[in-house]
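Trainee: Note that the protein sequences, when read in sequence, are chains A and F.
Following our numbering from start to finish, the first sequence increments by one per residue and tops out at 89.
Following our numbering from start to finish, the second sequence increments by one per residue and tops out at 394.
A couple of the hints might just be wrong.
Stated by the list, open to error - Below, a list of computed lysine-lysine pairs in the DSSO-like style, where the Cα atoms sit at most 30 Å apart:
1. Lys207/F / Lys290/F
2. Lys207/F / Lys283/F
3. Lys210/F / Lys283/F
4. Lys283/F / Lys20/A
5. Lys140/F / Lys17/A
6. Lys210/F / Lys183/F
Claimed, not checked - Rough simulated footprint, nothing fancy, chain F against chain A, three-plus residues with beta-carbon under 8 Å:
7. 48-57
8. 65-71
Said to hold, decoys possible - Across the chosen pairs, the derived CB separations fall in these ranges:
9. Ile88/A / Leu106/F: 53 to 61 Å
10. Gly295/F / Thr15/A: 30 to 38 Å
11. Ala16/A / Ser126/F: 38 to 46 Å
12. Thr15/A / Thr164/F: 24 to 32 Å
13. Gly368/F / Val37/A: 34 to 42 Å
14. Gly34/A / Met318/F: 15 to 23 Å
15. Leu30/A / Ser101/F: 30 to 38 Å
16. Ala16/A / Ser101/F: 54 to 62 Å
17. Met56/A / Tyr192/F: 38 to 46 Å
18. Ser126/F / Met56/A: 53 to 61 Å
19. Thr51/A / Trp113/F: 52 to 60 Å
20. Val184/F / Phe87/A: 36 to 44 Å
Please keep in mind that the hints were generated in silico from the structure rather than gathered at the bench.
All of these numbers come straight from a predicted model, not from anything done at the bench.
We put the beta carbon where it would ideally sit given N, CA and C, even for glycine.
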Amino acid sequence: MHIALVMFLAVAEETAKAGKSIGLGVGGGLGAVGAGVGIGIIFGKAIEAITRQPEMRDEITQLQWLGFALTEACFFYGLVAGLLAAFIV
Amino acid sequence: MSATAEAPKQRSHKRALLIFGGVWLGGIVALYLIFGSGGRNNAYQPQNEFKLDNWVHLGVFSINKAVLYLFLAATATCVTMIYVANRMQARPNKVQTAVEALYQLMRDNITGGNLDEKMAKRWFPFIGTLFLFIMFSNLVGYIPLPTNTEHEITVFGLQIPSFSLYAATANLSIPLVLALVVFISYTFEGVRAKGPIGYLKGLVPGGVTGGMAVFIFFLEVLSNGMRLMSLSIRLFANILAGHLIILFMAGALAVILGVSALAWFTIPFGILLFAFEVGLVAALQAFIFATLTAIYLGGAVAEDH
Numbered sequence: 001m002h003i004a005l006v007m008f009l010a011v012a013e014e015t016a017k018a019g020k021s022i023g024l025g026v027g028g029g030l031g032a033v034g035a036g037v038g039i040g041i042i043f044g045k046a047i048e049a050i051t052r053q054p055e056m057r058d059e060i061t062q063l064q065w066l067g068f069a070l071t072e073a074c075f076f077y078g079l080v081a082g083l084l085a086a087f088i089v
Numbered sequence: 090m091s092a093t094a095e096a097p098k099q100r101s102h103k104r105a106l107l108i109f110g111g112v113w114l115g116g117i118v119a120l121y122l123i124f125g126s127g128g129r130n131n132a133y134q135p136q137n138e139f140k141l142d143n144w145v146h147l148g149v150f151s152i153n154k155a156v157l158y159l160f161l162a163a164t165a166t167c168v169t170m171i172y173v174a175n176r177m178q179a180r181p182n183k184v185q186t187a188v189e190a191l192y193q194l195m196r197d198n199i200t201g202g203n204l205d206e207k208m209a210k211r212w213f214p215f216i217g218t219l220f221l222f223i224m225f226s227n228l229v230g231y232i233p234l235p236t237n238t239e240h241e242i243t244v245f246g247l248q249i250p251s252f253s254l255y256a257a258t259a260n261l262s263i264p265l266v267l268a269l270v271v272f273i274s275y276t277f278e279g280v281r282a283k284g285p286i287g288y289l290k291g292l293v294p295g296g297v298t299g300g301m302a303v304f305i306f307f308l309e310v311l312s313n314g315m316r317l318m319s320l321s322i323r324l325f326a327n328i329l330a331g332h333l334i335i336l337f338m339a340g341a342l343a344v345i346l347g348v349s350a351l352a353w354f355t356i357p358f359g360i361l362l363f364a365f366e367v368g369l370v371a372a373l374q375a376f377i378f379a380t381l382t383a384i385y386l387g388g389a390v391a392e393d394h
C-alpha cells in the first residue's frame with residue numbers, strides 16, 4: 001500500500017514534468033510555425049508590391065517592418081506562455 | 090578583363106570560407122574527443138541571469154541592475170542628444186548625420202505619417218523621446234558590462250568583474266510603465282478633444298445602434314486594455330528572448346548539458362544573432378513602440394474611427 005502510494009506520487013511528478021515540457025514545446029514550437037508563415041507572407045507581399053510600384057518603396061518598407069514586428073511579437077506571446085508553463089506555474 | 094580579375098578574388102573568398110568551416114568542424118570533433126561529455130549540470134540556473142539583487146537598500150526605491158541600466162540609458166540619451174544639438178555644423182560629422190537621420194525618421198515617418206499637423210507638433214517631443222529612450226535602453230543592453238553579481242570569478246584570490254548582458258527593457262515592469270504612460274496620454278488627449286462622454290461614445294463606430302453598440306463598446310474597452318498588454322509584452326518579450334538566445338548560444342547550453350564541444354558549435358550562431366539583435370531588433374522595437382503610440386494618439390482624437 002505504502003509502496004504503491006510512493007510510486008503513484010513519483011509517476012504524478014514525472015507527468016507534471018512532462019506536461020511542463022510539452023507546454024514549452026507547444027508554446028515555442030507552434031508559435032514559431034504561425035509567426036514563420038506570417039512573416040513569410042508579409043515579406044512576400046512587400047516584394048510583390050515593390051516590384052509592382054517601385055516608386056512606393058519607402059512607404060511599403062515602413063509598413064513591412066511594422067507588420068514584421070507585429071507578427072514576430074505573436075511568436076513571443078507563445079514563447080512567454082510556454083516559459084510561464086515550464087518554469088513558473 | 091573583369092572576369093579574370095574577379096576569378097582569383099572569388100577563389101580566395103571560397104578558400105577563406107573553407108578554412109573557416111574546416112576549423113569550425115574540426116574544432117567540434119577535437120573538443121568532443123578531448124573533453125567528451127561531463128554530464129548534465131544542474132547547479133547552473135540560466136534564469137538567475139535575469140534575477141534582480143538589490144545593491145543599495147532603500148525600500149521600494151532600492152537600486153538594482155535594472156535601475157542602473159535605466160540610468161545608463163537615460164544618461165546616454167541626454168548626453169548624445171544635447172552634445173549633437175550644441176554642436177550643429179553645416180558640414181555634419183558621422184554622429185550628427187546619424188542623429189539627423191533619426192530625427193527625420195521620427196518627424197516624417199513616425200509622427201508626421203500618423204498624426205495631423207497640429208497633433209504631430211504637440212506630440213513630437215513625447216514620441217521622439219520614447220523612441221530614443223527605448224532604442225538607447227535596448228542598445229545599452231548589448232554592451233557587456235561588469236554587472237554580474239550572481240557569479241563571481243576569482244583569479245589567484247583577486248576578484249575580477251564578470252561581465253553580463255542585461256537590458257532594462259528585458260524586465261516586464263519598465264515596458265509596462267512606458268505603456269501606461271502612453272495609455273494615459275492618449276486617453277487624456279481623447280478626452281480633451283471630445284470630452285469624457287464624447288470620447289466614450291467615440292469608441293463605437295458611427296452607424297452602429299442598439300444592442301450591437303453596447304457589445305462593440307465593451308469590445309473596444311477590452312481592446313484598449315489589451316493594447317497595454319500587447320505594447321509592453323511585445324517589447325519585453327523581444328528583448329528577453331534576444332538576450333536568452335544569445336546567452337544560450339554563447340555557452341549556457343554547453344554548460345547545462347556539460348558538453349564543451351557544443352559551445353564551439355554554437356558560438357558562430359551566437360555572433361550572428363547578436364548582430365541581428367543589435368542591428369535590427371533594438372531599433373525596430375523602438376520604432377514599433379513609437380509608431381503604435383502615434384497611431385493610438387491619432388485614433389483617440391479622430392472624429393470617426
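Trainee: If a hint holds in the structure, say so; if it does not, say that too.
Mentor: Here is what the structure says about each hint:
1. Lys207/F / Lys290/F: OK: lysine 207/F and lysine 290/F at ~23 Å, within 30 Å.
2. Lys207/F / Lys283/F: At roughly 16 Å apart (the allowed maximum being 30 Å), lysine 283/F and lysine 207/F satisfy the hint.
3. Lys210/F / Lys283/F: holds (19 Å)
4. Lys283/F / Lys20/A: Given that 30 Å is the threshold and the Cα spacing comes to 49 Å, the pair is violated.
5. Lys140/F / Lys17/A: holds (23 Å)
6. Lys210/F / Lys183/F: holds (27 Å)
7. 48-57: Coverage by chain F is violated for the stretch 48-57 of chain A (0 residues, Cβ < 8 Å).
8. 65-71: Holds: 5 residues of the stretch 65-71 of chain A have a Cβ under 8 Å from chain F.
9. Ile88/A / Leu106/F: 53 to 61 Å: violated (44 Å)
10. Gly295/F / Thr15/A: 30 to 38 Å: violated (54 Å)
11. Ala16/A / Ser126/F: 38 to 46 Å: violated (28 Å)
12. Thr15/A / Thr164/F: 24 to 32 Å: Given a distance of about 51 Å, which is not inside 24 to 32 Å, the answer is violated.
13. Gly368/F / Val37/A: 34 to 42 Å: At 24 Å between Cβs, range violated.
14. Gly34/A / Met318/F: 15 to 23 Å: holds (18 Å)
15. Leu30/A / Ser101/F: 30 to 38 Å: violated (45 Å)
16. Ala16/A / Ser101/F: 54 to 62 Å: Roughly 57 Å apart at Cβ, these two residues keep to the hinted range, so it holds.
17. Met56/A / Tyr192/F: 38 to 46 Å: Between methionine 56/A and tyrosine 192/F, where Cβ atoms are some 24 Å apart, the hint is violated.
18. Ser126/F / Met56/A: 53 to 61 Å: holds (55 Å)
19. Thr51/A / Trp113/F: 52 to 60 Å: violated (37 Å)
20. Val184/F / Phe87/A: 36 to 44 Å: Check passed, 42 Å falls within 36 to 44 Å.
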